[in-house]
Amino acid sequence: MVDSKQQWKAWLYLAPAIVLLLIFTVWPIINTVVLAFTEKYSTLANTGGTSFRIGFGNFTDVVGYSGFLDALKITMILCVATVPISTILALLIAVALNAIKPLRKALQTIFFLPYVTNSIAIGMVFNAMFNMIGKIGIRRPKIQSFGIINDIIRFFGGTEINWINTGSDEWANILVLIIYIVWNALPFKILVLLGGLQSINKQYYDAAKVDAAPRWKVLTRITVPLLSPMIAYVVITGFIGGFKEYTSIVGIFGETMGPPHDAGRLNTIVGMIYDSLENNLVGRASAAALILFGIILIVTLINLQVSKKRVHY
Amino acid sequence: MKKLVSLLLVLAMLLSFSAVAVAEEAPVYDGSEVTITFYNTMGTNLTPVLDTYIAEFNVLYPNIHVEYTSVGGYDDVRDQISKEIPEGIQPNIAYCYPDHVALYNLAKAVQPLDAYIDNTAVITRADGTTEVFGLTDEQKADFIEGYYNEGKQFGDGLMYTLPMSKSTEVLYYNKTFFDANGLTPPATWEELEELCLKILDIDPMSVPLGYDSESNWFITMCEQYGIPYTSATAPHFLFDNAEAKAFVKMFRDWYQEGYLTTQTLYGAYTSGLFVSTDEIKSYMSIGSSAGATHQRPAKNADGSYPFEVGIATIPQVNAENKKVISQGPSLCIFKKANAQEVAASWLFVKFLTTNVNFQAEFSMASGYVPVIKSVANNEVYAEFLANADGGDYIAALSAKVCLEQQDAYYTSPAFNGSSTARSQVGPLMTKCFAIPDGSDVDAQIDAAFADAIAECKYSIGE
Amino acid sequence: MSRSAYDTIRDSMDKKEQNKQKFSAGYRAAHFFGQAGIYLFLIVMALIVLFPFYWMIISSLKSLPEYKETIPTFWPRQIIWQNYANAFTTANLGVLFKNTLIVGVVSTLLSVFITIITAFAFARLEFKGKETLFAALLATMMIPGELFTITNYSTVISFGWLNTYTVLIVPFLVSVFYIYLLRQNFLQIPNELYLAAKVDGTSDWKYLWKVMVPLALPTLISITILKMMGAWNSYIWPRLVANKEEYQLITNGLRNAFKEAGTGDVDYPLQMAAVTLVSIPLFLVFVFLRKYIMAGVSRSGIKG
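Protein chains in written order, with our numbering: chain A, 9 to 321; chain B, 15 to 476; chain C, 25 to 328.
Please note that the accuracy of each hint is not assured.
[Claimed, not checked] Where chain C lies over chain A, by a calculated footprint (3+ residues, C-beta under 8 Å):
#1 25–39
#2 50–56
#3 94–106
#4 110–117
#5 185–198
#6 202–210
#7 285–297
[Stated by the list, open to error] The calculated lysine-lysine pairs, modelled on PhoX-like cross-linking and capped at a C-alpha distance of 25 Å, are:
#8 150/A x 92/C
#9 225/A x 210/A
#10 150/A x 263/B
#11 81/A x 471/B
#12 92/C x 152/C
#13 154/C x 230/C
#14 268/C x 13/A
#15 13/A x 234/C
#16 234/C x 222/C
#17 13/A x 222/C
#18 316/A x 152/C
#19 122/B x 166/B
#20 166/B x 350/B
#21 210/A x 154/C
#22 150/A x 189/B
#23 189/B x 92/C
#24 13/A x 154/C
#25 154/C x 317/A
Keep in mind that the hints were calculated from the coordinates and are not lab data.
We treat Cβ as the ideally placed atom computed from N, Cα and C, and that holds for glycine.
My request is simple: use the sequences and hints to build the entire structure.
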């Protein structure tokens, strides 16, 4: 009896969320699946009276696309590289912020500032920092500006690196993207981890202090385990975000998704979705989205499995 | 009973008559109360001009209410309308580029204008004056031909758009430097090559020419050489040919020699290189005629300019048969169930494109050039042109050059996928330019062309 | 209650600590260098994080020609305060602010409410299919948002919601991200507390608002900030569904307002000035809420 009452009550609590999700999330997903199997479906052509066949055509289009494997590769590299770096950095900053007293408020405010910084500004900064201007021709090379980062490298006696311009190497491009993505991801992660840290009972630390435990031991033995739900959260969402990477690439390399001499080199799966949508190939975009969904699902299941073993509640 | 029957008959006749009229003719505006919506990309610097002329339009047609929305950029307008068409809530009028119209026409959503243009009915306006509902012969002849023809390049012979305001590419050159060294702006690409060598002799640190848009360059070269680029009917993508590869290879060599650069290869605005006062600078810059003020160097402390800017037609393959690209927005009208909305939209589009005062004022405010020839006779605009110089009145100088080369405008075919072709040929150029010496240049150019064609085909679902 | 019992405990602990340290010079030195290292690390990171913000401000004070120069200047040669005056008058900032405020506040309140009750159900209540439903919920996070947009657009049109506040608020009220975050936080609250409350005859509803919500306050505040930020920065959806000026949000208004006369390109300095202007309220909200976070922390310190 009590059990069925509990059931009924739980669904009452869930009702608003479920109703909204059914309308604005579940229905679009169903629709996406339908469209993905409607070959070459275009909303405009549909309005114009074109009829479409049902089949796997959209999927074979996406997988058969010459740039598909490269897009998959870039997507994977960006995820695998950025999530650990940004998580560890955010954790260190959050813990450090928690460990100081003077300047703490000021620094917390500063680490919040990227939230109120417009994304256009962030794109502009990166371009200014890495952009090497000039380098015209090879027979008579001329360089007008090396960019701030190269200026620093040269100041310390290094040779400049062509980061994002004509003739740049793929690894240099990817490195810039990693820095950008990590930078972009930091504030959110710091905020979540700091929120978590501040709800940790201080008595754990006091006990450690009494034992004169070294800092790193406090970090690995107390902070990380207690913070594990938050860490799991930022890692999982970080991976999901990483798989959806697109705007950062457009921000640095422009719509061509690559340096001038090799457009499309840095395309991702989400980039492929946007390309299809631009030509109103909604069916193909849906298929690409489902493929991406499948990949993310697998990775997230692995993540959850790992965190089940490691996360301490 | 008889009365009723005859009444029904008359009614039926009326109905069938109006049905026929909707299908085959452009119904004339009957003065009914309608609201029409207009999507554009105008910023707050241009909307006051539009407001003024909507008010003027309303003196003639008080029952047509025009509501406009600034949607963002051209691509934003396209994306917004492509989402609205399937829902049937698209605007009445929109700023458009030809490839947008091709996209909308997947849904057969754009109203062909032929029947409206040819309609000779005379309608009376609110102030008592009359006008022909369609375009008179004088009005048609007043349009700059290249701009007007852009409306019927969709492969079916029908007219879908009227030009609103236009720009093109022009060659900006450092007149002070040219005069001091006895140089003249190049009329042909051959002259340009010689000129680049001369400039490099005088100033080895310079990059003689900066070209802003690689896509425009490729398409314009195809047009100048008379090489196929694209076709409105299948097969669409024709630019993978030996002649195109030849000019790309030639320009690659020029790039490698340091004669020129482009915006993406250079890594910054080529106009920035042109107005630069650093050691590395350019003496020529090919860019949009609407961006003339960016091609002017910053003033010195005493208010003078470091150098005077000259503007000329871009270099040609054949100086006797000039070809320059035509850019800038046109206007299209969408089909609607209410024929009066379409008729009212037509009147407004016609008003904007044929009203001399509006065209003059809008051009001066926007930096674009008017689409009708008679604007040159407009007093205010004539004065604007008369002031043209390479300093404070550089926008007027640019407009003047554009108007003088009005026979040279070409437009390329528009179809679903024409914008992809455009966005592919730019990177194709830069990719080929960057091929290093010592590798098999021809093979790499071949591969780059083949890739670009494959991308184009993939993007339209072929 | 500005000073909590926790602070008192902590102070006494600190005194013990100080006594202890008197006996250990080595520990003290290590502590000092450790502390200095922490500051150095934080300050370097802060400078890196500050850079875009700095760039936004200096860009907002440049003239357009200076902004367009090939080699960017690090400090405006001539500071153009006029950009701010122009930004304020060019965009219809009053209406934009009002709309954004209405949408931001209403959607944040509703969203936080829904997040709380949903997270509570997943964290504390028992019902059939709980795990499956939660996993399904998580899975929805993984679908690229652009595809929701296409279908949702038809849906809101069939509801007749175009150009209303409803269309800007309702479709994104449920955030799986926040539900997940809060559920994890709720799970950390010891079960004993809940069982004790049950024995006392406290209803679930009362327990949720009297015990769990205060305990999870830091997380809730983080969620509130994120949601506010989201409302403030949302761009694609509002542009699509609310293009009438009466309902435009700040980002859309800003994007459209600042175009150059000639090319139709964005006038970045002016836009940056406007962006800086609209950042100020958010910044103030954070400065205000930061104190709130501290209060929340000390409270959770006692109860936990």
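Against the structure, the hints come out as follows:
1. 25–39: Since 11 is at least three, the answer is holds.
2. 50–56: violated (count 1)
3. 94–106: The restraint on the stretch 94–106 of chain A holds, since 5 of its residues have a Cβ under 8 Å from chain C and three suffice.
4. 110–117: holds (count 5)
5. 185–198: holds (count 4)
6. 202–210: Held - the stretch 202–210 of chain A has 6 residues with a Cβ nearer than 8 Å to chain C, which meets the minimum of three.
7. 285–297: holds (count 5)
8. 150/A x 92/C: 20 Å, holds
9. 225/A x 210/A: Within the cut-off at roughly 16 Å; holds.
10. 150/A x 263/B: 21 Å, holds
11. 81/A x 471/B: Satisfied, since the Cα-Cα distance of roughly 23 Å is no more than 25 Å.
12. 92/C x 152/C: Violated. Residue 92/C to residue 152/C sits at ~62 Å, over the 25 Å cutoff.
13. 154/C x 230/C: With Cα atoms ~22 Å apart, residue 154/C and residue 230/C stay inside 25 Å; holds.
14. 268/C x 13/A: Roughly 48 Å separates the two Cα atoms, so the pair is violated.
15. 13/A x 234/C: Roughly 22 Å separates the two Cα atoms, so the pair holds.
16. 234/C x 222/C: 13 Å, holds
17. 13/A x 222/C: Holds, at roughly 15 Å.
18. 316/A x 152/C: The hint holds at about 21 Å.
19. 122/B x 166/B: 15 Å, holds
20. 166/B x 350/B: 21 Å, holds
21. 210/A x 154/C: Violated - the C-alpha atoms of residue 154/C and residue 210/A are around 33 Å apart, more than 25 Å.
22. 150/A x 189/B: 24 Å, holds
23. 189/B x 92/C: Distance ~22 Å between residue 189/B and residue 92/C Cα, so the pair holds.
24. 13/A x 154/C: Within the cut-off at roughly 15 Å; holds.
25. 154/C x 317/A: At roughly 20 Å apart (the allowed maximum being 25 Å), residue 317/A and residue 154/C satisfy the hint.
Hints 2, 12, 14 and 21, counting from the list given before, are not met by this structure.
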